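Chain by chain, the residues run as shown.
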Amino acid sequence: MYAPKRRMFLRAVAVALMALAGLNTAHAEGYPDRPLTMLVGYKAGGQTDLVARGVAKVLSGQLGVPVNVVNKPGGGGILAAHELQKAKPDGYTILFHSNSVINTEPFMMKRVNFKPDDFEYAGMITAYQVSLATQKDAPYETLAEFVAWAKENPGFSYGALSPTARMIMEVIAEQEGLDVNIVPLKGGGDMMNALLGKQVALVLSGGIHYKYPDELKSIVALTTFRQPSAPDVETINEAGYPLGMDSRTTLILPKNTPRAALETLSTALQAAETDADFAKVVSAANIPILYMDLDAAADEVRESYKQNQTIFENAGIEPK
Amino acid sequence: MEHLLVGFQNVLTPVTLFWVTVGVTLGYVLGALPGLGKATGVAVAIPMTFYLQPVAAIALLIGIAKGSAAGSAVSAILLNTPGEPSSAPTALDGYPLARQGKAQKALKMGLFASVIGDFLSTLVLIALAAPLARYALLIGPVELCAILLFSLTFIGGLAGRSMLKGLIAAAFGVFFATIGIETETFIPRMTFGLLELDDGISLIPMAIGMLAISEMVIQAGNARKIDSEAEKIKESASPDDRRVTLAEWRRCLPVIGRGTLIGSVVGILPGLGASVGSFLSYGATQRASKAPEKFGTGMIEGVAAAESADNAVVPASFVPLFALGIPGSVVAAILISALVLHGLTPGPMMFVEQPQMVADLYAAMLCASLILLIVGYTGQRIFAQVIHVPIRLIIPAVLFLCCVGAYMDTNTLFSIYLMLGFALLGFFARKLDFSFVTFLIGFVIGPNLELTFRQSLQILDHDVMRLPAHPIAILFAVLTILTVVWINRSNNRHAAQKTALAGPTTKQSQI
Chain H
1 MYAPKRRMFL
11 RAVAVALMAL
21 AGLNTAHAEG
31 YPDRPLTMLV
41 GYKAGGQTDL
51 VARGVAKVLS
61 GQLGVPVNVV
71 NKPGGGGILA
81 AHELQKAKPD
91 GYTILFHSNS
101 VINTEPFMMK
111 RVNFKPDDFE
121 YAGMITAYQV
131 SLATQKDAPY
141 ETLAEFVAWA
151 KENPGFSYGA
161 LSPTARMIME
171 VIAEQEGLDV
181 NIVPLKGGGD
191 MMNALLGKQV
201 ALVLSGGIHY
211 KYPDELKSIV
221 ALTTFRQPSA
231 PDVETINEAG
241 YPLGMDSRTT
251 LILPKNTPRA
261 ALETLSTALQ
271 AAETDADFAK
281 VVSAANIPIL
291 YMDLDAAADE
301 VRESYKQNQT
311 IFENAGIEPK
Chain C
1 MEHLLVGFQN
11 VLTPVTLFWV
21 TVGVTLGYVL
31 GALPGLGKAT
41 GVAVAIPMTF
51 YLQPVAAIAL
61 LIGIAKGSAA
71 GSAVSAILLN
81 TPGEPSSAPT
91 ALDGYPLARQ
101 GKAQKALKMG
111 LFASVIGDFL
121 STLVLIALAA
131 PLARYALLIG
141 PVELCAILLF
151 SLTFIGGLAG
161 RSMLKGLIAA
171 AFGVFFATIG
181 IETETFIPRM
191 TFGLLELDDG
201 ISLIPMAIGM
211 LAISEMVIQA
221 GNARKIDSEA
231 EKIKESASPD
241 DRRVTLAEWR
251 RCLPVIGRGT
261 LIGSVVGILP
271 GLGASVGSFL
281 SYGATQRASK
291 APEKFGTGMI
301 EGVAAAESAD
311 NAVVPASFVP
321 LFALGIPGSV
331 VAAILISALV
341 LHGLTPGPMM
351 FVEQPQMVAD
361 LYAAMLCASL
371 ILLIVGYTGQ
381 RIFAQVIHVP
391 IRLIIPAVLF
401 LCCVGAYMDT
411 NTLFSIYLML
421 GFALLGFFAR
431 KLDFSFVTFL
441 IGFVIGPNLE
451 LTFRQSLQIL
461 DHDVMRLPAH
471 PIAILFAVLT
481 ILTVVWINRS
491 NNRHAAQKTA
501 LAGPTTKQSQ
511 I
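First to last, the protein sequences are chains H and C.
Quick note on numbering: UniProt numbering labels position 137 of the first sequence as 137, and the sequence is numbered without any gaps.
Quick note on numbering: UniProt numbering labels position 289 of the second sequence as 289, and the sequence is numbered without any gaps.
Since no wrong hints were added, every one of them can be taken at face value.
Ranges between beta-carbon positions, derived for each pair:
{"no.": "1", "chain 1": "C", "residue 1": "R493", "chain 2": "H", "residue 2": "E215", "range": "50 to 60 Å"}
{"no.": "2", "chain 1": "H", "residue 1": "K198", "chain 2": "C", "residue 2": "M349", "range": "12 to 22 Å"}
{"no.": "3", "chain 1": "C", "residue 1": "A223", "chain 2": "H", "residue 2": "A260", "range": "57 to 67 Å"}
These are computed hints drawn from the structure, not numbers from a lab.
A quick note: this is a predicted structure, and the numbers were derived from the prediction, not measured.
Backbone N, C-alpha and C define an ideal beta-carbon position, used for all residues, glycine too.
Turn these sequences into a full structure, and let the hints guide you.
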């Protein structure tokens, strides 16, 4: 009974040791023949980190080599992306991150000038269900109803934890003539506190609110597609505001990584779609799996980059 | 209740107990090593939790959290290099005690205070997690802002010999905390274009540089003196100096009780953390003491106050996690990951859908408290030997560990540069007798105060007349004013007493 556990423990120790040693020796034809490094641009413990570790486990099972997760937090993934650009384009260093680091950050930060063609992509696996969320008992179900309510309640408060969250509300408020107080929030925990504690009337949530079906609801999806966790809620584009932006967890690699390596990774990633353990991880966090292979992923990054550029330009946002 | 009994059955299996013990031991040792701490322990443990059963994985993480909070007192007392920022107040009195040959006494008091604080706070968690978390939601930014303001009045006690220098250090702490992207406009403040500074200065490398490295530099300068002193002091022959006497227990029990209460409250409130808990507890104890001027010279109460609160924060910070799914600390955030990895969603639904799982967690936490007592008691006998090691052998080892700890915070060299920069600052702060404790308080509380103040402005719609809707905030604002007035008066009375030294009818000193 204890034998398999001990083996698991040994494996865990082996993984930990290799993570420490950062093995960097053998170099042969059959990719991959040594451990992969998977960079994650957030500290351990967040939603993306969680999905990354789930994916690393699937990839490692498919490829037969360990995949070591290394957290390189800073600037919402920008530091990790810079780190990736410095890595050898041999397929052994991967960045697992939201593609927002490429399709959104450059429009908000002057010091970031990533373009879709600066990287290679080996596929996408999950989507963020970004939406405007509020308390279950709030007297509005849709964005239109919210706007009507907001006109009668000037000075209402809206929680924002990112520049995008601010931008969305500012665009709507300007168009509809709303008097809004934007409450700055720091991190997901702060946001949940503000929402559950009824400090704010509405927040922009990255999807975490779907974990509280009895207490919270979405009034509009900020993605271009209807969200699996709330298929009845309309998207913001359907509501008449062309502000829909998608972000998905993506396997990002350095420019000029051989296509063969990308294909291997893309095929291995597809196994996550049907992997029982991975399904358990993402379903507990209410994250939908929406797999895209390497070509679909590259197209998605380019298209969303163009789309988002238009949205930010129309909103008159200058990178800071 | 019956779930809890079954929970104990589930936890009291060799495998789970093994992992609790591994967690506590790992946490304790890492906490005791300067430069390393719970962040390091958790980083090592994350990959392992993948391969363990849910209860074992979570027991491991909880063990690390509890063990490191207690272990950090060891290096604070023996080397004056707190393993975690939250143990900085422990060093204020623990290190002088150790230099007086009473290291064993200080270590034991630290451990007992940790375990009691931890155990009681765990009981609070078990009994009241769900209702308390609901109540904590009433504490919004407006209330939190007032509470933070109130807690700043306690820092006077931690300022060291000069109040002015203490305040200057606190201002520096606030200043360094302003670096990074500002939360309202998202404009980077004082980052000099360095992307690494966008998220602000990370507490871990900063604290390691300030607390551990700078102390090692100072000790290197005094190496010969310290070694010759160590020859002389060794350990006091009197057995009373090696254990906690009955009289000391009597003095410390109320202190531990207050520390536990403060730690539990701070743990439940969002965004404060263990450092605030131990600072407040130390400050409050000094304020309540009959001999406040003796703090910092080796008062056993100081150790008890800081350590009981430090450890009480840990289980209390799990209250919002278990009841609402909101992480109250770094370890809690990792714990969410571990739970989700095993298909469990922390939050209100967990109590309904997985009551047995919750009970197992509780049982594991209680077991971890007791195991902590055993591991700590055994461990500190070994660690206490460090006092006999010549300082020239200790310094390189500590420097190495500090570099490892700082590097592991972000996995970049930048953290090490940051650590070295703050080591320099810490060196001058120590040489010029500026309090690094008030610096830390400024660094930790300052940004929270700014954020909650800005949030309050928006929530109140910039209208003072909306304040009456927040009675808790008003209460704390009034308390703040009263405390400041009271401090001012008692200071004046002190001054008056000093000038009228030979007065015939001395009034009772102070109440």
